Structure formats: C-alpha cells, structure tokens
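Undergrad: Given next are the chains, with one letter for each unit.
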Amino acid sequence: MSYVDDGFYADIVKAFADWQRPELEISDVATRDECRALLEREARLLDDGRFEEWLGLYSKHCVLWVPAAERAGDPRREVTIFFDDRQRLEDRIFRLRTGKAWSQVPPSRTVRMVSNVEVFRAGEKLMVRSNLLLIEFRAGETRSLAAWCAHRLAHGKIDAKQINLLERDQSLRNPSILL
Amino acid sequence: MSTSTFFEHLVHDDRVHRSIYTDPAIFELEMTHIFGGVWCYLAHESQIARPDDYITGKLGLRPIIVLRDSNGTLRALFNRCTHRGARVCRDARGSARTFQCPYHGWTYFNSGKLRGVPWPEGYACDFSDGKYNLAQLPRVESYRGFIFGTLNADAPSLAEYLGPAKKPIDEWLDRNPGGRVLVSEANRLKFKGNWKLAYDNAADGYHVVFSHRSLLETENRHAADPNKGMSFYMGKPDEAPMYVQYFGRGHHFKDKRPNVERRPGALWEIEGAQPGMTAYEKAIREKLGAKALRALDLAASEPVNINIFPNLSILGNHIQVFQPLAVDETESVWHATAIVDEANELEGMAHAVNAIRMRTQESFPNFGEVDDAANFEEIQKGLAACEDEWVYMHRGLGIPGRVQKLADGTLKAPATDEVFMREHMREWQRLMTTRPNIVLAR
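For the protein sequence lines, the chains are A and B, in the order given.
Count along the first sequence from 1, then add 151; that gives the number in our numbering.
Count along the second sequence from 1, then add 201; that gives the number in our numbering.
Taking lysine-lysine pairs in the DSS-like style, the calculated list, with each CA pair at most 27 Å apart, reads:
| # | chain 1 | residue 1 | chain 2 | residue 2 |
| --- | --- | --- | --- | --- |
| 1 | A | LYS251 | B | LYS429 |
| 2 | A | LYS308 | A | LYS165 |
| 3 | A | LYS251 | B | LYS582 |
Stretch-level coverage of chain A by chain B, calculated; a stretch enters the list once three of its residues show a Cβ under 8 Å from a Cβ in chain B:
| # | stretch |
| --- | --- |
| 4 | 155-169 |
| 5 | 224-234 |
| 6 | 238-244 |
| 7 | 312-322 |
Examples of chain B residues toward chain A, derived with CB under 10 Å:
| # | residue |
| --- | --- |
| 8 | ALA387 |
| 9 | ARG389 |
| 10 | HIS552 |
| 11 | MET559 |
| 12 | ASN567 |
| 13 | ASP572 |
| 14 | ALA575 |
| 15 | ASN576 |
Simulated from the structure, these hints should not be mistaken for lab results.
Note that the structure is a prediction, hence the values are computed from the model and not measured.
We put the beta carbon where it would ideally sit given N, CA and C, even for glycine.
Sequences are here, hints too, so could you generate the full structure?
TA: In structure tokens:
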C-alpha cells in the first residue's frame, strides 16, 4: 500500500515551492554542519554502490522527485524524469541488482561533489539547498551531470528530495544510475 | 555504380549492410530522401493549442518552428533568417505574432511573411518579393491532433500516407474520453547510435524478454502469478495471440491487445506497482462504482506499438519521437499524454486517472528504454568491425505459412517475427533511390 495520495502530492508540491526565503534561513553552524554531513554521507553511499544503506537514510514515507520541466510543476499533471516513492526506489535498486539491467552492466563509477549547502526552516522540518556535481565513468567515457538539490529533512532522515538537473528538459544519455 | 545498384547491394532479403547505420554519406542522403521525402511527425496539436503558439524542433537536421499562425493555420517554418541564416527563434516554445532575428533585426510575421527590415532605404530591392519571406514546408497536415509535414510536393495526402495505420491510431485515441489526449511533458533520452536502430526496435517482439529482463523481473517481484507488464512474452511468444503487422510505406504495428482479456479492468490488472495507484484506485472505485474499471484502464498502459515511418511510435500512452542528431546519435523523446474529460464522462475523476497515468508513463523510459538504448549503443560499437559486413533480420523468413498476406495487402506474422524490419528496409531502399520533389514554400 503506497502512502502516496492526493494529499501527499499537494504537500510535496507546496513544500518545494517558495521555501528559500531569507527570513527562514538558518545560520546556526552546528545545524548546517549536521545537514552537510548527511548529504556527504548520502553521496558516499551512492558512489560506493551501497544502495540499501543509502535508502536507510530516507524516512519510511519518502519521495525522490526529479522534474522534467524547467519549472517543477505538479507531478499529478505532467511526467517527471522520475517521481519515486519507497517501493519504486526499492524496485530501482532491485533492478540494478538483477545483473540484467544492461544500461548498468558494467555499472557506472561515480564521484559526487556536494557544495553550497544552505539550510532553511520549514515548520518542524528543515529544507536544505545544495549543489551537486556528479562525474560518471562508464563504457570508456567520462561525463558530468550537475544539479541543485532540495532535501527535506525530518527527525534526521530525508523525507523528500528534489533534484533539479541542469539539463532536466533536455535529452539525457543513459540516465540509469541512482541519482 | 548507379545509386539504385549501390542501394541494392546494401539491402537484401535476409540482411542489410552495416554501412546503412554507420556511413555519414548515407546519413546525409537520408536527410533529403527520407526526412525530406516523406511525411514526418512534427508535433501534437495540444502543444500549440492557441493561435500564435509555437514550438521549435527539427525536420531531419533542419531547424523548424511548428506553429499555429495568427489566423490559426498550422505551419512549419524554417527557423533560419532569410538574410544571413541565423535561427530567428531560440526558445523551445512560446507564443509570438512575429519573430525578429536577433542578429540584424529582420522581422517576420508568424505566417512566414517578411514584416520589415531595419533601414530599408539602404536596399535597392523590392522586399514585397516573396523570396525574402521565411522558407516553410509546402505541406503541413494534421491527423486527429498529430501534425505531420513534408517538403515533398509529390507526396500523397497524409491520410493516404498513413493508410491502414489510421485504424489503430483511431482506436488508440478513441479509448480516451472525447477521443483525444494532451501532451504533458516528456522523458527525453539520447543514445550514441543510428536512428534506424530505434525504428528497427519499434515492433521487435524478439528482444523483449532479453533486453528487458530486469524490467520483467522487477515488475513481477511481488506478483504471486507473474502476469505483470509484458510477461506474456515469456514462454512461447510466437504462440500467443499477439502479432506484428506490416502496413506498407514503412509503417508497422505490434498489437499485444489480444493477450489481454477483452473486459474492463483487465489492462489495469497487469499494470505494475506505481506510486499513488492504491489511493487513487480507491477514490476512483468509490466515486465511479461499476464505471471505475474503464477509468482505471485509462491509467494503465495500452499494449500497442503503432510505428509511423520514419520518426513516430505511438506506444502505451506515449507519443515517442525519434530525432536523428548525427549518423551515430539519436534523440528518443517519450511525450507523455494526459486525458481531457470535457464531457465529464469520468465524473471529475480524470484528475485521479492522470495522477496514476503520469507515473505509469515514467516506468518504461526509466526501467526499459535505458536498457534498449544501451544495446543500441553496443550495436553501433559492434558495427565498427568493418569486415563483418552484415546485419541479419531474417527471423521467420522462408518458413511456409508464417507470414500471412491479408486481404488489405498488409502482412501479419507471429510476435517475434522480423518481417516488419525487412519490409521497412525495402521501403527505405526504395526511398533512397527515388529523388523526392522537394519544394520550399515562402
């Protein structure tokens, strides 16, 4: 039973609109450092292919949203690059682990750099803005993907994440890694 | 060697020469003979719904602006200033009555007619001469929302070009309320391979259980009875009721509907798990009662692939477009479609149907197409072995009774047959040896 329903969508669309407001910014160094450490841990687990541990950083009722349009819009009305709930993320990992996901056989090697971390208050939760530079090597070629990310954190877990790829409305070559 | 003899050497009954996928000179000819010679899919009407709406794109490699002009007429203008050649429009989409070239300020109405140039007293010519208008495709037509265009003045009407393919297109549309759909964003992929690799794949029932093995295993990992998605390809797919059909002119059809029981809800039952499906299914059932199953089937993927040569594939709920970028690079855009329910046949539940339908449409590009694209790239790499010249597509060839010729002249064969590929290659060969009557309108 998926927890994604109309109310869940409405909450996510609202939460990821107009949240980077100066009056909500958190300047406390310890909080910012905790958030930065979580994002760096996430990058390391993904780069090391430790996908099950990576998913452990997420809340039970999480979502990973990668919009396909220049403005994120409403995923109920338009397709995204992906909008994954926990089951779909588990499916994604399962597929990569079959050994027959040819787009990842052999798997990509990746290095993620996380920077420009800023933290904002969102009620009881935190919203974290960061930049991501992902270098990917596969099948003899090295390429890069850049994005700005929004992590919503609750009780030390990632409960929603939006990845805004620089090339989100352009064609992507082999977008088969876990972002 | 004459051109026709040259191409006869490349396309045989059972195989084609590797160079048709790798030779830049052949690719360049294709941009004239194929992408200049036949009706190509340009856009969907919902992408340019109102007068003055436009989107930019390509016809082969030619930059074009597909638009509805201020009078509502569909046009495809070359996005190329008559003056010095710069693209006059640099946005992906928008609304505009005129286009002004940013380089020297020449301005055109969206009919393509030149509106004016800066400091005209510096010219001795007569700018009312049509030769200064933007070039445009002489023929642009729509079939039920699908806009096609061609440069070939001698092409048959679009309806004639589509021929028997109109029937499955009609059926694909008529399953939706009001018999229409809206395009709502896209999953956009590209691969380092020739565009024909994607078109060859479009009706290929042979690759499914191999190329898409990981998808089949994933979709069925929770199913007690593995019947989700394309599971009907497991076992003996050639003995299943699905089939492949060749329509002529390069168009073909992979019809998997006969594998699914003809009753409301049967399609929904084989849909894999999608985010939000349980909550929206509950809401739809509560609201619509007995009519709920029809609505749920609209959220599920329609099991057809209707392939219109050279660049369109209508499959599942997608409008997929193949866009060549170079001899060895192709874009494959999966435009998603949403339903529109103006007559309120679904009693306000169209929103819920679309909320599921968006997620079902993300599934295949993410979990299926990426693996095909990886295999297309591996073909392009494999074909670098230049002494090993042939690519085989002879599955089913020579087996008596396997390919049936139907009364309407179309060919029907078991699901994994490659007859459709052999036939579109024959059509490709015919087009490559026929000079189209290319005319620019202005």
